[in-house]
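Residue numbers (my numbering), protein chains in the order written: chain A, 1 to 270; chain B, 1 to 284; chain C, 1 to 331.
None of these hints come from the bench; they were simulated from the model.
Watch out, some of these pointers could steer you wrong.
Okay, the calculated beta carbon distance ranges per label pair [unchecked claim]: (1) A:Gln240 x B:Asp76: 53 to 59 Å; (2) C:Pro238 x A:Thr75: 16 to 22 Å; (3) B:His249 x C:Pro238: 48 to 54 Å; (4) B:Phe14 x A:Glu73: 55 to 61 Å; (5) A:His139 x B:Glu90: 29 to 35 Å; (6) C:Asp221 x B:Ala118: 29 to 35 Å; (7) C:Val255 x B:His249: 28 to 34 Å.
Under 10 Å between C-beta atoms, here's a sample of chain C residues computed to sit facing chain A [as the list claims (entries may be wrong)]: (8) Arg229; (9) Ala231; (10) His245.
To spell it out: a stretch of chain A is covered by chain B in this simulated footprint if at least three of its residues, at any positions, have a beta carbon under 8 Å from a beta carbon of chain B; those stretches are [what the hints assert, rightly or not]: (11) 114-120; (12) 176-187; (13) 213-221; (14) 232-246.
Cβ atoms here follow ideal geometry from the backbone N, Cα and C, with glycine treated the same way.
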Amino acid sequence: MSLLTVRGLTVAFRAINHDVPVVAGLDFDLPRSGALGIVGESGSGKSMTSLAIMGLLPAGATRTGSIVFDGTELTALPERRMRAIRGDRIAMIFQDPLSSLNPYYTVGTQIAEAYRAHRSGVSRKTARKVAIEAMERVHIRDAARRVDDYPHQFSGGMRQRVMIAMALSTEPELIIADEPTTALDVTVQAQILELLAEVRRDTGAALILITHDLAVVSEVADHLLVMRRGEVVESGTAAQVFSDPRHAYTRALLDAVPRIDDTIGELRST
Amino acid sequence: MTSLLSARDLVKEFPVAGTQGLFTPAKRFTAVNRVSFDLQAGETLALVGESGSGKSTTARLAARLIDVTSGTVHLDGTDITALHGDALREVRRQIQVVFQDPFSSLNPRHTVERIVTAPLRYQKREIPGGTRAVAQQLLERVGLDPAHVGRYPSQFSGGQAQRIGIARALAVRPRVLVCDEAVSALDVSVQAQIINLLRDLQREEGFGCLFIAHDLAVVRQIATSVAVMTDGTIVETGDRDSVFGEPRHEYTKRLLAAVPRINPEWEAARRRNAAARSSEEAPA
Amino acid sequence: MTRYVVHRVGGMILVLFLVCLFTYMVFFLLSPDPAVQICGKNCTPERIDQIRENLGLDQPFLTQFLGFLGGLFTGREYGGGTSIIECPAPCLGYSFQTSQIVTDMLVQRLPVTAVVAIGAAVLWLTAGVIGGLVSAVREGRFADRFIAALTLGGMSIPNYVLALGLQYVFVVQLQWLPFPQAVPFADDPGQWFANFILPWTVLAIGYASSYTRLTRANVIDTLGENFVRTAKAKGLQPSLVWRRHALRPALTPVVTIAGMDFAGLLGGALITETVFGINGVGKLAADSITKNDQPVIMAVTLLAAFFVVVGNMVVDLLYSAIDPRVRAGAS
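With the hints as constraints, model all of the structure from the sequences given.
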């Protein structure tokens, strides 16, 4: 049985007298420990998909269809029970680590926050230990000292490691990473991608990677969804989609990607 | 031979915020440290580096948007670092800049006509045939519908807005075009269009292009020569194929190795499949 | 951090010195000759010269200014011959019109003004923060629009209109409040408290209106921050998301601005104190202006400047204690 089964997921924003869909009839399955890449350009609905799974859609957006996580229908779940899953069994990593961390609290406090929210009777000391362990797992050096530092005292890459540590602290079964390396330098991006792969190996967590970057997704995902204007235009294993794209949009997208090892006379574009 | 644009030993220091004492000056941070490069007409020199490498500051120095702490910039053999008044105005005409965020560099309350012809008005030039005709021509050159001269920036997509920025730069027929992360914020398909556009325009106009970017794959598609920057200095410079093909500096090697790549086997298979598909379709 | 504090205190002393210099220049060089005023109607040129000499007004500006500064730190004496007046440090001058040492006059009035300022601050902070929170939570709904209308009124109505209006309604017409009578707290706490209700309210309404708007804007901005989304994604209870991730960042600026406004009020609420006949620093300023009692006017000005400068510094230090980013920038 798959960990996550999505059927007919539709997200729409309420306009004056009609609904504007931003995600239209999405279907996919994610096996345990699988890695699914959702690729698309801006306006494709890929980020809304992740927020819909988390139940964190902005005000004014409605969600229909079915999202079954480990046998539980999330769309029918009362908010209180959804909250128990969110941040515990499904964790999320966002694009811009600086603005996604609260500047007023130490990273240790913020990492331990999810753990304390989902485990009862956690002492300060235990929470601190959990935070340090999580920071060590994402290879933040000198974690025992840095646990008391504030987000602005970390570099961009280290902040994203903090975000990942935060997601890991509760040992989630599913991690949703929304453009986790887009705001980072290329050398740092390589390190973070390596870290995500390591985390998956070690914990067996499934991953949904949302990105606009085809090269990034090709290094991480084993299954792909290519989205355009709220719809899936193509899906399959990464090998299938990359070596034999069926849909004209996917082909055009792949043609437009500049290659580091190759110079193309004229970049083709959609 | 004198270069079109020649920078020698550029240094730029900034005061560090919050370090200024009552009577002591602020500590200084060296953003650009002894940077030299040459740009020839018709050529594209890419300055690549990660955040904080000083590439954007270097571009601003070269375009004289900010003043150097020391060093010189020569445009066609004339030192432009100390110019002011009319002479500086002429330099600003000859060196045009296209920025990263197309919308924030376009005044939302001005029509496209007014935006793209603004540099002409700053130059106090005679406009033959009026601004409308000129604006229409410019839009056509960057692949936009000339009928849209009366629209406002918000009525365009990101890629189209960047075309407007390029049209504005081209209005005064610059010798040098500085592109400061000009395609970084764009979707990949739009990015490809803009890169193609820049290449075509350069072929027609023969301007030299100083292309600032962090994306090495993009740089590979557009540059004729490359300078790799880190910590305010150029660590490696050379023509494109030698820098990408046989990088000498450790940092360049590390940078190139870090770029994500699509599995080469998949790439090869895709090319084979595409070829097979087109030969299938051809007879039909 | 120590370096930062030393730095700030140094800057503060410099600013206060400049304020002193400037105020002194304005009052003793640009305004009418105090000797003529003191001399009164039956005056002879000889007597004016005598007064000038006694007051040191015949000295060059710099000497006079240094004398004033010296008085601040070590005290000084006024007059000459038999009528010498001791003015101990910190000496802010001597009022010949009331025959009092200015410092004593201020010390007498300051506690009253402090009571006015503290009461008003408590009121406006409570009302402003609650109003702002309600507005933010009910953004765009009826409560929000209703509060917006109230704050618009509160900000646009002049203080004296409000003061006179409220006094007429609550004291004269409804008689819910007794007619103001100056009583010491110990004698009649009820009357003492009643005296302050209207001044507190009048002062608080203006401030509360702008604080409501500030709080509303800050809370709405903060709720849109990415870190609030992160907090929700962790599965935190809504109350925790609010308390920890929305309120602290949103209210920090409100508290610091409150510090500045409070410091400003300690310099005296001129109109409100005058209308309600409260013998605070503000009323002292008003009285001195009508009598052109220059040493007093100058002292009140300096006092207000002192509170603003000190308040500013305290707020900055407080801010760096609350916001870790400022703390790091300073070290």
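Consistency of the hints with the structure:
1. Against the hinted window of 53 to 59 Å, the Cβ-Cβ separation of glutamine 240 of chain A and aspartate 76 of chain B comes to about 55 Å, which satisfies the hint.
2. At roughly 20 Å, the beta-carbon separation of proline 238 of chain C and threonine 75 of chain A lies within the given 16 to 22 Å, and the hint holds.
3. Evaluation of the 48 to 54 Å hint for histidine 249 of chain B and proline 238 of chain C yields a pass: the beta carbon distance comes to about 53 Å.
4. Distance hint check for phenylalanine 14 of chain B and glutamate 73 of chain A: the Cβ-Cβ separation is about 56 Å, which falls inside the suggested range of 55 to 61 Å.
5. Evaluation of the 29 to 35 Å hint for histidine 139 of chain A and glutamate 90 of chain B yields a failure: the beta carbon distance comes to about 54 Å.
6. The hinted range of 29 to 35 Å is satisfied by aspartate 221 of chain C and alanine 118 of chain B, whose Cβ atoms lie roughly 33 Å apart.
7. Distance hint check: the CB atoms of valine 255 of chain C and histidine 249 of chain B are about 52 Å apart, inconsistent with the given range 28 to 34 Å.
8. Taking 10 Å as the C-beta cut-off, the interface hint given for arginine 229 of chain C holds, the closest approach to chain A being about 7 Å.
9. Against a cut-off of 10 Å between C-beta atoms, the interface hint on alanine 231 of chain C holds, since the closest Cβ of chain A lies about 7 Å away.
10. Using the Cβ-Cβ criterion of 10 Å, the hint placing histidine 245 of chain C at the interface with chain A is satisfied: the shortest such distance is roughly 6 Å.
11. Here's how the segment 114-120 of chain A fares: 0 of its residues keep a CB closer than 8 Å to some CB of chain B, so the rule of at least three is not met and the hint is violated.
12. Here's how the segment 176-187 of chain A fares: 3 of its residues keep a CB closer than 8 Å to some CB of chain B, so the rule of at least three is met and the hint holds.
13. Counting residues of the segment 213-221 of chain A whose C-beta lies closer than 8 Å to any C-beta of chain B gives 6; at least three are required, and the coverage claim holds.
14. Counting residues of the segment 232-246 of chain A whose CB lies closer than 8 Å to any CB of chain B gives 6, so the stated coverage by that chain holds, three being the minimum.
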